[in-house]
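Trainee: Okay, here's what each chain looks like letter by letter:
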Amino acid sequence: MKTVEPDLVPYDEAVAAYDVVMGIEVHVELSTASKMFCGCSTAFGAEPNTQTCPTCLGLPGSLPVLNQQAVESAIRIGLALGCDVAEWCRFARKNYFYPDMPKNFQTSQYDEPICFDGATTVEVEGREFVIPIERAHMEEDTGKSLHVGGATGRIHGADHSLVDYNRAGIPLIEIVTKPIEGTGALAPQVARAYVAHLRDLLRSLGVSDVRMEQGSLRADLNVSLRRAPEAPFGTRSETKNVNSLRSVERAVRYEISRHAGIIDAGMKVTQETRHWHEDTGITTAGRSKEQAEDYRYFPEPDLVPVAPERAWVEQLKAALPEPPAVRRPRLQAGWGFSDLEMRDVLNVGALDLIEQTVAAGTAPAAARKWWLTELARRANEQGVELDALPVTPAHVATVQSLVDAGELNDKLARQVFEGVLAGEGTPEQVVEKRGLKLVSDDGALTAAVEEALAANPDVVAKVRGGKHQAAGALVGAVMKATKGQADAARVRELLLERIGVDH
Amino acid sequence: MTDTTTDLVRLSATETAGVIARGEASAADVAKAHLDRIGAVDGAVHAFLHVDAEGALAAAREVDDKRARGEEQGPLAGVPLALKDVMAQRGVPTTCGSKMLEGWRPPYDSTVVTRLRAAGVVILGKTNMDEFAMGSSTEHSAYGATHNPWDLDRIPGGSGGGSAAAVAAYEAPLAIGTDTGGSIRQPAAVTGTVGVKPTYGGVSRYGLVAFSSSLDQAGPCSRTVLDAALLHEAIGGHDPRDSTSIDAPLPPVVAAAREGAQGRLDGVRVGVVRELSGEGYQPGVEQRFHEAVDLLRELGATVTEVSCPHFQYALSAYYLIAPSECSSNLARFDAMRYGLRVGDDGEHSAEEVMALTRAAGFGPEVKRRIMLGTYALSSGYYDAYYGSAQKVRTLISRDFAQAYEQVDVLVSPTTPTTAFPLGSKLEDPIAMYLNDLCTIPSNLAGGAAMSLPCGLSPDDGLPVGLQIMAPAMADDRLYRVGAAVETALADRWGGNLLTQAPELQEKA
Ligand SMILES: [Zn+2]
Chain A
1 MKTVEPDLVP
11 YDEAVAAYDV
21 VMGIEVHVEL
31 STASKMFCGC
41 STAFGAEPNT
51 QTCPTCLGLP
61 GSLPVLNQQA
71 VESAIRIGLA
81 LGCDVAEWCR
91 FARKNYFYPD
101 MPKNFQTSQY
111 DEPICFDGAT
121 TVEVEGREFV
131 IPIERAHMEE
141 DTGKSLHVGG
151 ATGRIHGADH
161 SLVDYNRAGI
171 PLIEIVTKPI
181 EGTGALAPQV
191 ARAYVAHLRD
201 LLRSLGVSDV
211 RMEQGSLRAD
221 LNVSLRRAPE
231 APFGTRSETK
241 NVNSLRSVER
251 AVRYEISRHA
261 GIIDAGMKVT
271 QETRHWHEDT
281 GITTAGRSKE
291 QAEDYRYFPE
301 PDLVPVAPER
311 AWVEQLKAAL
321 PEPPAVRRPR
331 LQAGWGFSDL
341 EMRDVLNVGA
351 LDLIEQTVAA
361 GTAPAAARKW
371 WLTELARRAN
381 EQGVELDALP
391 VTPAHVATVQ
401 SLVDAGELND
411 KLARQVFEGV
421 LAGEGTPEQV
431 VEKRGLKLVS
441 DDGALTAAVE
451 EALAANPDVV
461 AKVRGGKHQA
471 AGALVGAVMK
481 ATKGQADAAR
491 VRELLLERIG
501 VDH
Chain B
1 MTDTTTDLVR
11 LSATETAGVI
21 ARGEASAADV
31 AKAHLDRIGA
41 VDGAVHAFLH
51 VDAEGALAAA
61 REVDDKRARG
71 EEQGPLAGVP
81 LALKDVMAQR
91 GVPTTCGSKM
101 LEGWRPPYDS
111 TVVTRLRAAG
121 VVILGKTNMD
131 EFAMGSSTEH
141 SAYGATHNPW
151 DLDRIPGGSG
161 GGSAAAVAAY
171 EAPLAIGTDT
181 GGSIRQPAAV
191 TGTVGVKPTY
201 GGVSRYGLVA
211 FSSSLDQAGP
221 CSRTVLDAAL
231 LHEAIGGHDP
241 RDSTSIDAPL
251 PPVVAAAREG
261 AQGRLDGVRV
271 GVVRELSGEG
281 YQPGVEQRFH
291 EAVDLLRELG
301 ATVTEVSCPH
311 FQYALSAYYL
321 IAPSECSSNL
331 ARFDAMRYGL
341 RVGDDGEHSA
351 EEVMALTRAA
361 GFGPEVKRRI
371 MLGTYALSSG
381 YYDAYYGSAQ
391 KVRTLISRDF
401 AQAYEQVDVL
411 VSPTTPTTAF
421 PLGSKLEDPI
431 AMYLNDLCTI
441 PSNLAGGAAM
451 SLPCGLSPDD
461 GLPVGLQIMA
471 PAMADDRLYR
481 VGAAVETALA
491 DRWGGNLLTQ
501 APELQEKA
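Chains as they are written, first to last, in full-length UniProt numbering: chain A, 1 to 503; chain B, 1 to 508.
Treat the hints as calculated values from the structure; they're not laboratory data. Incorrect hints may have been included.
[To be verified] Only pairs whose alpha carbons sit at most 27 Å apart, straight line, appear in this in silico DSS-like list of lysine-lysine:
1. B/Lys391 <-> A/Lys94
2. A/Lys437 <-> A/Lys483
3. A/Lys289 <-> A/Lys369
4. A/Lys94 <-> B/Lys367
[As the list claims (entries may be wrong)] One side of the interface only, derived from the structure: several residues of chain B facing chain A at Cβ under 10 Å:
5. Gln312
6. Ser324
7. Asn329
8. Arg337
9. Gly343
10. Gly346
11. Gly373
12. Thr374
13. Ser378
[Unchecked claim] Pair by pair, the computed Cβ-Cβ distance ranges are:
14. A/Asn380 <-> B/Lys391: 57 to 63 Å
15. A/Asp159 <-> B/Glu506: 54 to 60 Å
16. B/Glu506 <-> A/Ala307: 57 to 63 Å
17. B/Arg341 <-> A/Glu213: 32 to 38 Å
18. B/Lys391 <-> A/Ala119: 49 to 55 Å
Virtual Cβ for every residue (Gly too), placed ideally from N, Cα, C.
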């Protein structure tokens, strides 16, 4: 069934006419060694169905055993988000049928989340926004369906489906915000900043790989519009499984325009889930509220209640890493970056990368230069996050050290990164394979210098006459002859030496 | 069949282990004798769904080899056992009495099976049961009913009728049952055998195909109280694979059984539950029960009447909680990964295959309970049904707690009636459910309970069960009191009750 949707309202008009309310649910896969309720490995990318056992396959008679490491991670996440930690809470079964759900119920938490009532702050365009946190609860991931033979990759129209249960039972933490209000036209950026902030926070806690492109962090975006901040909430849509920061921003933006179009046309927004299409930049309808299932939640009888000891919780709280709001000013001061430079660093998500690069021995300015220019450009071209590039902070540090040693110039360094990105190996291997070393051997250079002097007697005369800047043309000739692999400063030295002028 | 083999199958588990340990018979001989007995009588009884002769003989030979090497073995080494078909055993068909799991061979062992193997127990095969343990007669098995060895036209109880009948018919001296609302004790009562539902959490549920997770408990079936204690000890104790398993030492059940067999119960306080007698109870059952109470007094126990006013709501609460959990537990039977698959012809969607399979694979009683539970958990009804039932559960636990302030154990008849004729209650689910009136409260409260024979009802000559109940983790009290009653009655009868059972016709 296709329903005709009204035209989108241009974004600026939409946010001028309506007040935006958002709610964001983020699912984080924990990086525990084993799954939530069994001993199977959680490693990503293994052969399908090789990381399974009776419990995560839901075989008859199998039982869950709670992963205590996951409980600890959940509590630390909650504490880092300023949440209270439940003295006593239970798991619940969320009952629904789906082939990638081995038991046809998901073991989750319902009305007794382990963490609740927190808040965290994000900054967008110099303004601070407080994001109220409703809860952070534990649950298990489902398996992964692959629908074969259809045009869309979705279940409809597929010939058959394959299910990989390696993901079934991976520990998830779902972090749910309260309604986020008062963001105005910045709503999409606030949504993005919040997800980016969570990503940084979770990474600093060391609880997750936070690889959005691998789905270890994914966001469900609830958006609704109302005429004025005093008005009751409008009907919301929920765009599911958005898995890049860029998409978070785009999807919110799109939904605002779409909702405005519907309301302007005098129609009613349907409460439904939406699918985000990265390629076309639009959302399409999923399940509506009328089709929504009754999950028949009830307390999980196979698990005993979780009652974290207070002393332990206090201990975890005391051992939390430095919060981003403290860490950022500290790093900025240490690196000597201006506010503007720091904002750029945060915008491209390069903070951790630069910190690690500096830690590997690179000067802060050089680290910033590589990540924010050459590498940010590459990431943008490929449509991936900066940290998803195969280039690591250690690579950047190596390249910069070669530059500092005069073995590479910036142009060659860029070629080294190109090679690393193309999968040609480490920077050292790329330098080796592509033969990118600067020609610093004076013997090889001398020939090129002699040639240049012989070919340009008039320029040589000018230089002798005191016009030292004219030597640039000679340097250019030598660089051309050596295909750029010479150190320009050294070439200049040799030329001036040969001509017999002081330099 | 020779006299020796006849003798071997008549021995208790304790005696059997002794015979093997002393080298009077090999474990393989014992296993063969039981396999022969199964071959001779199971055509009439139908206690077994699957007989694993090969596996049994291999396990028996292993016991014999160990004995030959002089290795120390446990008190049940070489003793044959019948395993309820709800318990996963690696590589051996496990159907739960359902078409849904026809042909499914678990790739893993339940903890109970692991411990049985470690104890050198010889598993003969898998016993019949009501489908997914839902029923009180085994008539809800997809593979046909089991017959009561006392009267082949009557039910052997359920859901573990196969396990109880196997023990009563001398097909095995021991069996494993599971008890969610009485599925060990009610079959024990109507077949003249002993059955124990341990404290909830006392025996691991890992590998027990779940019916109702908060109620299910595996336990021993046997012909003597001491045998039950030995089996209880072999399978019980903490298991890290079951989060609801109690992390504490098992109560000293074997010692208690031996102490009870000395005969006296001086200082033991026994409470008779007022609410578990009277209207609806067969007069012959009541008579034997009152005689058993008199016997307890004669043995030195002090007997008082106690009231558990909320027991009257137990059945209603049970029929909300158990179906609710079952509706969720049985959701996994969807044709996607194992078991039956119907409609996989390229014409039907996965969702349709699930629906067709569940429609074809589940029997009417299972469907009735899934629907009941699905309804009870639905949004808008949850508080009124599941929520209220949980409150009743708390009140019943409180009744027990108050009673145990005054007494050490509680007693009642195990069932309101003796074994009823096959087919007589199939059309009336409520009448069937009422059979579990006395057994359900212990499941709801998580306590321990035993049924042992206390005579034949004078009105129909069929076995009557005495139920003894004890607080959680006081399972030893059951064994002390039970063994004392058993010893006194055996003196009176000149042997245990089963010696009065009619001989089954043996097929040549
Ligand atoms: Zn697993």
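Trainee: Does each hint hold? Answer for all of them.
Mentor: Structure-based check of all given hints:
{"no.": "1", "hint": "B/Lys391 <-> A/Lys94", "verdict": "holds (22 Å)"}
{"no.": "2", "hint": "A/Lys437 <-> A/Lys483", "verdict": "holds (11 Å)"}
{"no.": "3", "hint": "A/Lys289 <-> A/Lys369", "verdict": "violated (49 Å)"}
{"no.": "4", "hint": "A/Lys94 <-> B/Lys367", "verdict": "holds (20 Å)"}
{"no.": "5", "hint": "Gln312", "verdict": "violated (24 Å)"}
{"no.": "6", "hint": "Ser324", "verdict": "holds (6 Å)"}
{"no.": "7", "hint": "Asn329", "verdict": "holds (8 Å)"}
{"no.": "8", "hint": "Arg337", "verdict": "holds (6 Å)"}
{"no.": "9", "hint": "Gly343", "verdict": "violated (14 Å)"}
{"no.": "10", "hint": "Gly346", "verdict": "holds (9 Å)"}
{"no.": "11", "hint": "Gly373", "verdict": "holds (9 Å)"}
{"no.": "12", "hint": "Thr374", "verdict": "holds (7 Å)"}
{"no.": "13", "hint": "Ser378", "verdict": "holds (6 Å)"}
{"no.": "14", "hint": "A/Asn380 <-> B/Lys391: 57 to 63 Å", "verdict": "holds (60 Å)"}
{"no.": "15", "hint": "A/Asp159 <-> B/Glu506: 54 to 60 Å", "verdict": "holds (57 Å)"}
{"no.": "16", "hint": "B/Glu506 <-> A/Ala307: 57 to 63 Å", "verdict": "holds (58 Å)"}
{"no.": "17", "hint": "B/Arg341 <-> A/Glu213: 32 to 38 Å", "verdict": "holds (36 Å)"}
{"no.": "18", "hint": "B/Lys391 <-> A/Ala119: 49 to 55 Å", "verdict": "violated (36 Å)"}
In this structure, the hints that do not hold are numbers 3, 5, 9, 18, in rising order.
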